[in-house]
Every structure is written in structure tokens, then in C-alpha cells.
Amino acid sequence: MSSVHITDVWMWQGASHGVWQTFIEALRDIRFWNDFLR
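Numbering (numbering that gives the first Met the number 0), first residue to last: 0 to 37.
No lab work stands behind these hints, which were simulated from the structure alone.
All of these numbers come straight from a predicted model, not from anything done at the bench.
It cannot be assumed that every hint is accurate.
Unchecked claim - Label-pair ranges, simulated between beta-carbon atoms: (1) Trp-9 - Phe-31: 27 to 37 Å; (2) Arg-30 - Asp-7: 32 to 42 Å; (3) Asp-28 - Thr-6: 25 to 35 Å; (4) Thr-6 - Arg-37: 27 to 37 Å; (5) Gly-13 - Phe-35: 24 to 34 Å; (6) Phe-35 - His-4: 28 to 38 Å; (7) His-4 - Arg-27: 28 to 38 Å; (8) Ser-15 - Arg-37: 25 to 35 Å; (9) Met-10 - Trp-32: 32 to 42 Å.
Cβ atoms here follow ideal geometry from the backbone N, Cα and C, with glycine treated the same way.
Please construct the entire structure, taking both the sequences and the accompanying hints into account.
And the structure:
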């Protein structure tokens, strides 16, 4: 039971990290387009 809980936490951290990475890439794209359109 304990090992399953640790795996769930690890999966959640991996998913949240992926979401954060996607968010950062989206911000970079927005900054790029703002500079491009200016």
C-alpha cells in the first residue's frame, strides 16, 4: 500500500512538471509572437 502511494505521488509530480513545462513553452511562444508583431 505504501509503495502504491509513493508511485501515485511520483506520477502526480511528473504530470504537474509536464504541465508546467507546457505552460512555460506557451509563454515563450506568446513572447515570440508579441515581438514579431511589434
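Evaluated hints:
Take Trp-9 and Phe-31: their Cβ atoms lie about 33 Å apart, and the range 27 to 37 Å holds. As the Cβ distance of Arg-30 to Asp-7 is approximately 35 Å, the hint placing it in 32 to 42 Å holds. Against the hinted window of 25 to 35 Å, the Cβ-Cβ separation of Asp-28 and Thr-6 comes to about 33 Å, which satisfies the hint. Judged by the Cβ atoms, the range 27 to 37 Å given for Thr-6 and Arg-37 is violated: they are separated by roughly 47 Å.
The beta-carbon spacing between Gly-13 and Phe-35, approximately 33 Å, falls within the hinted interval of 24 to 34 Å. Distance hint for Phe-35 and His-4: a CB-CB separation of about 47 Å, inconsistent with the stated range 28 to 38 Å. A C-beta distance of roughly 35 Å is found between His-4 and Arg-27, which places it inside the suggested range of 28 to 38 Å. Taking the beta carbon of each, Ser-15 and Arg-37 are about 33 Å apart, inside 25 to 35 Å as hinted.
For Met-10 paired with Trp-32, a C-beta distance near 33 Å keeps the hint of 32 to 42 Å intact.
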